[in-house]
Amino acid sequence: MHRFANPAQFNRLADAVMPWAMVATVLLFGAGLYYALAGSPPDYQQGESVRVMYVHVPAAWMGMFVYVVMAVASFAALAWRHPLALLAGKAAAPIGATFTALALITGALWGKPMWGTYWVWDGRLTSVLVQFFLYLGYMALWKSMEDEEKAGNAASILALVGLVNIPIIKFSVDWWSTLHQPASVMRLDGPTIDGAMLVPLFLMAAAYQVYFTVVFIWRMKFEINNRKLSVMRSVDMGH
Amino acid sequence: MAGLKTRKQQRILVLSAAIATLFGAVLLVLFALGGDSLSLFLQPLDVKNKQVEAGQHFRLGGLVEAGSFSRDDDGLTYRFTVTDCAATLPVQFKGLLPDLFREGQGVVTEGALNADGVFVATTVLAKHDENYNPPGTLPKSADQCTHPDAVSRMGR
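Read top to bottom, the protein sequences are chains A and B.
Position 17, counted from 1, in the first sequence is what this note's numbering calls 17; the numbers after and before it change by one each time, with no gaps.
Numbering-wise, this note's numbering comes out as the position in the second sequence, counting from 1, plus 1000.
Just so you know, the hints here were simulated from the structure itself, not pulled from any lab data.
Among the hints, a few may not be true.
[To be verified] Keeping only pairs whose Cα atoms sit at most 30 angstroms apart, straight-line, the calculated DSSO-like set for lysine-lysine is:
{"no.": "1", "chain 1": "A", "residue 1": "LYS221", "chain 2": "B", "residue 2": "LYS1094"}
{"no.": "2", "chain 1": "A", "residue 1": "LYS112", "chain 2": "A", "residue 2": "LYS170"}
{"no.": "3", "chain 1": "B", "residue 1": "LYS1050", "chain 2": "B", "residue 2": "LYS1008"}
{"no.": "4", "chain 1": "A", "residue 1": "LYS143", "chain 2": "B", "residue 2": "LYS1094"}
{"no.": "5", "chain 1": "A", "residue 1": "LYS150", "chain 2": "A", "residue 2": "LYS221"}
{"no.": "6", "chain 1": "A", "residue 1": "LYS150", "chain 2": "B", "residue 2": "LYS1008"}
{"no.": "7", "chain 1": "A", "residue 1": "LYS170", "chain 2": "B", "residue 2": "LYS1094"}
{"no.": "8", "chain 1": "A", "residue 1": "LYS112", "chain 2": "B", "residue 2": "LYS1008"}
{"no.": "9", "chain 1": "A", "residue 1": "LYS143", "chain 2": "A", "residue 2": "LYS228"}
{"no.": "10", "chain 1": "A", "residue 1": "LYS228", "chain 2": "B", "residue 2": "LYS1094"}
{"no.": "11", "chain 1": "A", "residue 1": "LYS112", "chain 2": "A", "residue 2": "LYS221"}
{"no.": "12", "chain 1": "B", "residue 1": "LYS1094", "chain 2": "B", "residue 2": "LYS1048"}
{"no.": "13", "chain 1": "A", "residue 1": "LYS112", "chain 2": "A", "residue 2": "LYS228"}
[As the list claims (entries may be wrong)] Derived Cβ-Cβ restraints for the label pairs, each shown as a range:
{"no.": "14", "chain 1": "B", "residue 1": "LEU1033", "chain 2": "A", "residue 2": "PRO94", "range": "44 to 50 angstroms"}
{"no.": "15", "chain 1": "B", "residue 1": "GLY1067", "chain 2": "A", "residue 2": "PRO42", "range": "24 to 30 angstroms"}
{"no.": "16", "chain 1": "B", "residue 1": "GLY1117", "chain 2": "A", "residue 2": "GLY47", "range": "16 to 22 angstroms"}
{"no.": "17", "chain 1": "B", "residue 1": "ARG1071", "chain 2": "A", "residue 2": "VAL130", "range": "38 to 44 angstroms"}
{"no.": "18", "chain 1": "B", "residue 1": "ASP1099", "chain 2": "A", "residue 2": "ASN225", "range": "48 to 54 angstroms"}
{"no.": "19", "chain 1": "A", "residue 1": "ASP236", "chain 2": "B", "residue 2": "ILE1012", "range": "35 to 41 angstroms"}
{"no.": "20", "chain 1": "B", "residue 1": "GLY1136", "chain 2": "A", "residue 2": "PHE133", "range": "41 to 47 angstroms"}
{"no.": "21", "chain 1": "A", "residue 1": "LYS150", "chain 2": "B", "residue 2": "ARG1102", "range": "36 to 42 angstroms"}
{"no.": "22", "chain 1": "B", "residue 1": "ARG1102", "chain 2": "A", "residue 2": "PRO167", "range": "53 to 59 angstroms"}
[Stated by the list, open to error] Under 8 angstroms between C-beta atoms, here's a sample of chain B residues computed to sit facing chain A:
{"no.": "23", "residue": "ALA1020"}
{"no.": "24", "residue": "PHE1023"}
{"no.": "25", "residue": "PHE1041"}
{"no.": "26", "residue": "SER1070"}
{"no.": "27", "residue": "ASP1073"}
{"no.": "28", "residue": "GLU1130"}
{"no.": "29", "residue": "PRO1134"}
Virtual Cβ for every residue (Gly too), placed ideally from N, Cα, C.
Work out the full structure, taking the sequences as your base and the hints as a guide.
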């Protein structure tokens, strides 16, 4: 772990991973979208509306996954005081916020024709909205202080506090009665989704994952260069 | 050098303890609040057990009982029975039903009981279950009430 805490090491690893991740993103999105939109059957209840699921479910998964990435980076930043960990959280946050927003929006668009409403304040929808606000709060804290390190520390503490929301999102549909359906994939007795529908779902989930890798590396490089630039500027002014 | 290491370890310890305490506190609060106050709806058995009074506004959820759906002569008022496989409650609703409304599928309705013990709904939302299947195939749990965790799969 400490091996990658060096910006030069990170850049070397990133440059090695990047071309593969970009090729995988294009291929997986191509295959995933084909199976999601054309190569899979409609649902016996929802008809063609089921196709929203292939965009919605991986977005919701990624919203939670990126939050955990951000929280782990925040923990490392606070514990080891390493600037690269701090930047990793900063780089991840807007990506996670976007995935969460995508899950909320596609969920609402599916909800109107299927449920009969865009929104309801049940345990699942509310806890995912809270996750979106946690991302916004984290990003706002970064901008709230002149001192980058202080701002980053405050944001990191918020990220760790908000980590408690992750199990709440996952188990909200088991602990409380909700309008949102219970888990269909990650359940003890196995998925309740037909195999023909699991193919596009898993392809899209993999596509989102490599897409995240690409954008995350881009944003990390941007943040590292930004940091270098501001150090150079302050050295300049010092002389 | 040794001192530095201890300080790092101390930070990790304090952070971990703070996170564990926070998790414990939040989860205790959630369980102290109980399932009812954070749940979206009551099920017919809850309504019976709590002896909810007529005119009191609440959400009722459950499965639309097979064979219970009918339409009044005015063509606008629907009647059906909501069941949680333990108790049933008659529902009456005047309005538009969502696409997924079906006998044997879940609903979440909002309204109040009238003097006759009929739930007069002002909105009816369809609750989708966890099954995704191509047309003509049977879902993993075809008859929801005979399934061992019929009630839990409706979100309890």
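Now the hints, each set against the structure:
The suggested pairing of LYS221(A) with LYS1094(B) is violated, with an alpha-carbon distance near 59 angstroms, which exceeds 30 angstroms. For the given pair, LYS112(A) sits about 23 angstroms from LYS170(A) by alpha-carbon distance, which is consistent with the 30 angstroms threshold. Using a Cα cut-off of 30 angstroms, the hinted pair LYS1050(B) and LYS1008(B) is violated, with the two alpha carbons roughly 54 angstroms apart. Proximity of LYS143(A) to LYS1094(B) is assessed by CA-CA distance (about 51 angstroms); at most 30 angstroms being required, the pair is judged violated.
Distance hint between LYS150(A) and LYS221(A) is fulfilled; the C-alpha atoms sit about 21 angstroms from each other, no more than 30 angstroms. Restraint check: the Cα-Cα separation between LYS150(A) and LYS1008(B) comes to about 18 angstroms, which is no more than 30 angstroms; the hinted pair holds. For the given pair, LYS170(A) sits about 35 angstroms from LYS1094(B) by alpha-carbon distance, which is inconsistent with the 30 angstroms threshold. A threshold of 30 angstroms between alpha carbons decides the hint, and for LYS112(A) with LYS1008(B) the separation of about 51 angstroms lies outside it, so the pair is violated.
Simply put, LYS143(A) and LYS228(A) have alpha-carbon atoms about 18 angstroms apart, close enough for the 30 angstroms limit, and the pair holds. Between LYS228(A) and LYS1094(B) the CA atoms are separated by roughly 66 angstroms; this puts the pair beyond 30 angstroms, and the hint is violated. Only pairs whose Cα atoms come within 30 angstroms are accepted, and LYS112(A) paired with LYS221(A) is rejected, the gap being roughly 40 angstroms. Distance hint between LYS1094(B) and LYS1048(B) is fulfilled; the C-alpha atoms sit about 24 angstroms from each other, no more than 30 angstroms.
Distance check on the hinted pair: LYS112(A) and LYS228(A) sit about 48 angstroms apart at the alpha-carbon level, beyond 30 angstroms; violated. Evaluation of the 44 to 50 angstroms hint for LEU1033(B) and PRO94(A) yields a failure: the beta carbon distance comes to about 33 angstroms. Distance hint for GLY1067(B) and PRO42(A): a CB-CB separation of about 27 angstroms, consistent with the stated range 24 to 30 angstroms. Between GLY1117(B) and GLY47(A) the CB atoms are about 36 angstroms apart, so this pair departs from the stated range of 16 to 22 angstroms.
A hinted range of 38 to 44 angstroms holds for the C-beta pair ARG1071(B) and VAL130(A), which are about 41 angstroms apart. Checked against the given bound of 48 to 54 angstroms, the beta carbons of ASP1099(B) and ASN225(A), roughly 50 angstroms apart, stay inside it. Take ASP236(A) and ILE1012(B): their Cβ atoms lie about 37 angstroms apart, and the range 35 to 41 angstroms holds. Here the CB-CB span from GLY1136(B) to PHE133(A) is close to 43 angstroms, well matched to the stated 41 to 47 angstroms.
Under the hint 36 to 42 angstroms, the C-beta atoms of LYS150(A) and ARG1102(B), about 56 angstroms apart, miss the expected range. The hinted window of 53 to 59 angstroms between ARG1102(B) and PRO167(A) is violated, with their beta carbons roughly 33 angstroms apart. At a threshold of 8 angstroms, the smallest CB-CB gap from ALA1020(B) to chain A is about 10 angstroms, leaving the interface hint violated. With its C-beta approaching chain A no nearer than about 5 angstroms, PHE1023(B) sits inside the 8 angstroms limit, and its interface hint holds.
The restraint placing PHE1041(B) at the interface with chain A holds, with a minimum CB-CB distance near 5 angstroms, inside the 8 angstroms limit. Evaluation of the SER1070(B) hint against chain A yields a violated restraint, the C-beta minimum of about 20 angstroms exceeding 8 angstroms. For ASP1073(B), the shortest C-beta to C-beta distance to chain A is roughly 24 angstroms, which exceeds 8 angstroms, and the interface hint is violated. Using the Cβ-Cβ criterion of 8 angstroms, the hint placing GLU1130(B) at the interface with chain A is satisfied: the shortest such distance is roughly 4 angstroms.
A distance limit of 8 angstroms between C-beta atoms decides the matter here; for PRO1134(B) the minimum to chain A is near 4 angstroms, and the interface restraint holds.
When held up to the earlier numbered hints, the structure conflicts with 1, 3, 4, 7, 8, 10, 11, 13, 14, 16, 21, 22, 23, 26, 27 and fits the remainder.
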